[in-house]
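With the hints as constraints, model all of the structure from the sequences given.
Line by line, the protein sequences give chains A and B.
Numbered continuously in this note's numbering, the first sequence closes out at residue 159.
Numbered continuously in this note's numbering, the second sequence closes out at residue 924.
Where hints are given, some of them may not hold.
Unchecked claim - Below, in silico cross-link-like pairs of lysine-lysine (DSSO-like), each with a Cα-Cα straight-line distance of 30 angstroms or less:
| id | chain 1 | residue 1 | chain 2 | residue 2 |
| --- | --- | --- | --- | --- |
| 1 | B | Lys465 | A | Lys2 |
| 2 | A | Lys146 | B | Lys465 |
| 3 | B | Lys810 | A | Lys153 |
Unchecked claim - Covered stretches of chain B (in silico footprint by chain A; criterion: 3 or more residues with CB under 8 angstroms from a CB of chain A, positions within the stretch not fixed):
| id | stretch |
| --- | --- |
| 4 | 397-411 |
| 5 | 480-488 |
| 6 | 508-517 |
| 7 | 850-860 |
| 8 | 902-909 |
Hints were generated in silico from the structure; no laboratory data involved.
Predicted model, so just to flag it, every value in this text is computed and none were measured.
Yeah, the Cβ is synthetic: ideal placement off N, Cα and C, and Gly gets one too.
Each chain, letter by letter, is given below.
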Amino acid sequence: MKINVNGTTHELGEINPQTPLLWVLRDHLSLVGTKYGCGISQCGACTVLVDGEVMKSCLYPVSAVGDAQVTTIEGVAAKDGTLTPLQQAWIDLDVAQCGYCQAGQIISAEALMRKNPTPSDDEIDAAMNPNLCRCGTYIRIRNAIKRVADSNKSGQNGG
Amino acid sequence: MSTLNYDGVNEITEFFTRKSLAGDATLSAQIFKLDRRQFLKLTGMVGSGLMLGFALPRARAHADHVDFNPNGYIKIDQEGITLYAPNPEIGQGVKTSLPMIVAEELDADWTEIRVVQSEINQVAYGQQFAGGSTAIPSNYTKLRQASATARAMLVQAAAEQWNVSSSTLSTESSQVLQVSTGRKISYQDLATTAASLPVPSSESIKLKDPKQFRLLGTRVTGVDNEALVRGEPLFGIDVTVPDMKYAIYQKCPAIGGSVKSANIEEIKQMPGVVDVFTLEGNGNIGELLPGVAIIANSTWEALQAKRALNVQWDETQAAKDSWSAARKEAARLAQENASQVANTGDFDAAMIASTATASGFYQYHFVTHAPLEPQNCTAHYKGDSLELWAPTQTPGSAIRTAANMTGLQPSQVTLHQMRCGGGFGRRLYNDFVSEAAAIAYRSENPIKLQWTREDDVRYDLFRAGGFHQMDGCVDENGKVTGWRNRFITFAPGGRPASSVSGGVFPGGMIDNLRVEQAALDWTHRCAAWRAPGSNVFAFVVQCFLDELAHAAQRDSLEVLLEVLGEPRAIGRGWRGQGMHTGRAANVVKLAAERAGWGKELPKNTGMGVAFYYSHAGHIAEVAEVSVGGEEDTVKNRSGENVVRRKLTVHKVTVASDVGPIINLSGAENQVEGSVIDALSTMMDLSITFENGRAEQTNFDKYRIMRASASPAVEAHFIDTGEYPPTGLGEPVFPPLAPAVGNAIFAACGHRVRTLPISEEGFYLA
Ligand code: FES
Ligand code: FES
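Structure representation (structure tokens):
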């Protein structure tokens with residue numbers, strides 16, 4: 001079986017097709033940025049993008065990926081390493097505490113902004129509610145997203 | 160009730176609960192008496208004035224360049240300046256804030272330095288742990304002294320190179336300068352000379368006047384932020400070592416059950432399974448419980464094998480805990496006198512002489528730590544040594560327990576500190592390290608032991624539930640004159656999970672005060688959980704004070720300030736920094752003022768105020784909430800009918816006095832996070848037990864608050880300059896629940912006395 005992650009195709013060899021994508025990423029491909037938190041689609045620590053859609057990878061069998069493009073936190077920045085505006089906002093606003101949830105948070109936020117570059121507060125909440133943060137960094141997460149949304153807004157206004 | 164051995168569980172718990180409340184804990188810094196000649200350098204003053212020895216790697220020479228490595232915290236070489244963060248990072252920010260202290264005294268350019276997590280070395284660093292909000296207070300002076308010593312040596316090196324008096328020189332941005340001549344030289348260029356100099360005596364070292372601080376007190380972003388947003392491996396769970404296998408350990412769902420039989424041979428045949436074996440446990444509930452270990456080629460294969468594993472458990476020694484039975488028993492005990500812990504004045508006489516009284520039965524459920532990264536540990540046993548990669552808050556005791564499991568000496572165990580995906584007290588206990596060591600001991604390969612979320616909840620050391628029968632009274636002036644706190648706790652292994660003392664608020668502030676305690680039999684382990692004791696006592700005592708203010712028909716803020724009374728110290732307190740009523744009143748007044756206490760509020764909206772002192776921090780919080788109308792009647796967890804009501808927490812204003820702030824960004828983050836954690840916990844978090852089993856084992860039933868419910872949080876800090884800094888990981892947690900509870904009462908007249916308050920029908924908008 002083959003899957004494409006962050007633009008690279010990986011040959012997985014013999015693998016149980018039911019293996020959740022989460023564990024394929026972590027154990028087989030050493031892409032450990034995607035985290036295990038609950039295994040039952042409740043916490044969002046394992047969130048990845050499958051063809052641009054958010055997906056909790058802990059219950060998503062690898063066989064379901066097919067030809068789709070998987071994006072993990074390791075593939076969010078540009079190939080040359082340039083961070084996205086959201087990643088930069090996460091650093092500048094010092095969002096993380098323990099940081100364990102943040103890969104999933106950033107993935108959810110990236111998916112939101114790619115579809116809706118200027119989300120309202122309610123839209124931010126709706127997109128981010130699936131991602132738990134045990135340390136309670138929700139306020140900063142929202143502020144980081146709003147900062148990028150605001151600069152998108154002024155970008156639009158300025159033509 | 161149980162024959163289980165609880166050694167080592169209560170040891171730490173007591174340190175963090177009882178002593179923090181009784182108020183006389185001084186962290187016994189371990190001082191090593193060492194031959195000076197064993198060390199290249201000596202530096203650092205510990206509180207008592209004793210010298211702390213630093214074992215140092217010998218200076219390494221590269222051609223004509225020698226590294227300057229004056230202590231365990233600083234290395235200056237051709238690459239630049241590296242600062243070593245000694246304590247575990249669990250999200251409290253010490254990997255950033257501790258090196259900031261070093262950089263400040265060193266006058267190092269923060270933007271240029273590199274921060275590395277240090278190895279475990281008791282000789283070089285003393286105790287390296289994360290707990291009790293101690294990392295800042297226990298390291299502050301030590302780090303400043305060590306760093307100022309290094310700075311003095313760099314200045315001396317420049318003085319010798321330029322042949323001038325060191326008194327003509329100053330430092331800035333990793334350089335020594337002579338202002339009169341405009342000469343400058345970088346620390347890197349001085350490293351070789353500095354490394355050859357004798358270490359000045361600690362008496363000759365002058366620390367900076369805090370007024371000259373350039374870095375401390377500013378907002379500095381976390382040193383791992385970039386690695387985090389790129390998803391780089393930082394956490395224990397991210398560790399991969401060559402030839403590593405993946406292990407799962409299945410224990411009895413009722414604590415203390417042992418393995419009768421299991422389909423081990425069948426499981427061994429499953430795809431990817433490398434080995435399956437039982438472990439007997441070592442009789443110590445805090446180290447190794449009996450179970451079945453599965454080693455496989457991947458986590459998923461190990462999990463599949465676990466699913467197919469069929470174990471017959473012998474539960475004769477296992478927990479029989481029942482929350483519903485405990486509640487009934489507690490309600491009965493609440494009506495009887497319990498054993499007296501403290502008694503001042505005459506409570507009964509005060510009640511008789513009173514003008515108004517209040518009485519309330521408060522209760523709170525068990526909760527679990529639930530750090531988002533489930534417990535895990537990678538272990539490689541090599542016959543005569545053991546290497547560990549562990550996300551632990553107490554690396555020193557992790558080494559000891561792992562040595563114990565493998566028959567090695569602690570000196571044969573190496574532990575790599577990994578970033579922890581949350582701690583909250585859970586990782587003070589190293590049962591997962593014990594298990595990993597015991598499994599690795601029987602494995603050819605290094606193994607990564609992974610707990611599932613269900614394991615993490617079921618085998619937690621819980622924050623114990625508890626019950627308080629509260630009674631009190633006011634006199635004709637509305638002054639609180641009598642207070643009785645009758646506490647019913649749980650006693651795992653016969654030892655109380657938590658204890659009240661005469662020092663618990665309002666001890667020392669009320670004339671007639673009685674404190675009593677009783678305990679219920681229990682088996683599940685209970686231990687330190689963010690702000691132990693205080694995290695629930697604050698709710699009980701600050702809400703009950705509000706009840707008394709209401710009974711007296713007085714303003715809650717006015718009554719709280721009256722109880723605090725004249726500015727004075729009360730007890731020696733945590734690390735010798737006891738509660739001071741003046742500091743308390745100042746934060747209360749500041750929070751009230753910034754929140755607009757007394758202003759006109761819309762209908763069904765109210766404000767509540769609460770104060771609590773814990774971990775040497777003085778914190779006041781004011782919450783502003785709205786309560787919706789009564790909705791349908793539903794059954795709560797306890798099977799009682801309750802009316803649902805929507806709660807909106809608009810804003811929480813927090814005023815803290817924890818002395819000077821090290822990293823303002825980190826401090827604000829801790830305040831926001833503590834408010835959200837405390838709100839989440841008070842709303843809906845509960846672990847109930849029946850038949851010796853936790854009834855909630857994952858986030859579907861243990862519903863941590865989601866982003867949309869976050870209130871606005873305003874953080875204010877008071878620093879009078881008179882007090883040393885103390886930690887901020889815990890003390891903001893306790894006052895939140897009573898501030899919200901009191902605000903609910905102000906908004907709708909319903910007095911919440913149960914945590915979580917979903918038990919009384921409330922849910923967050
Ligand atoms: S691990 Fe997938 S949602 Fe929690
Ligand atoms: S930062 Fe710790 S779980 Fe979100």
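Against the structure, the hints:
With a C-alpha separation of about 27 angstroms, the suggested pair lysine 465 of chain B and lysine 2 of chain A falls inside the 30 angstroms cut-off, and the hint holds. Proximity of lysine 146 of chain A to lysine 465 of chain B is assessed by CA-CA distance (about 44 angstroms); at most 30 angstroms being required, the pair is judged violated. For a cut-off of 30 angstroms, the pair hint linking lysine 810 of chain B to lysine 153 of chain A stands: about 27 angstroms separates their Cα positions. Restraint check on the stretch 397-411 of chain B versus chain A: 3 residues with Cβ-Cβ distances below 8 angstroms, three needed, restraint holds.
As drawn, the stretch 480-488 of chain B meets chain A at 0 residues by the rule of a beta-carbon pair under 8 angstroms; below three, the given contact is violated. For the stretch 508-517 of chain B, the proposed coverage by chain A is not satisfied: 0 residues have a C-beta within less than 8 angstroms of a C-beta in that chain, short of the threshold of three. Coverage of the stretch 850-860 of chain B by chain A holds. Counting CB-CB distances below 8 angstroms, 3 residues qualify, and the rule asks for three or more. For the stretch 902-909 of chain B, the stated coverage by chain A is not satisfied: 0 residues place a CB nearer than 8 angstroms to a CB of that chain, which falls below the threshold of 3.
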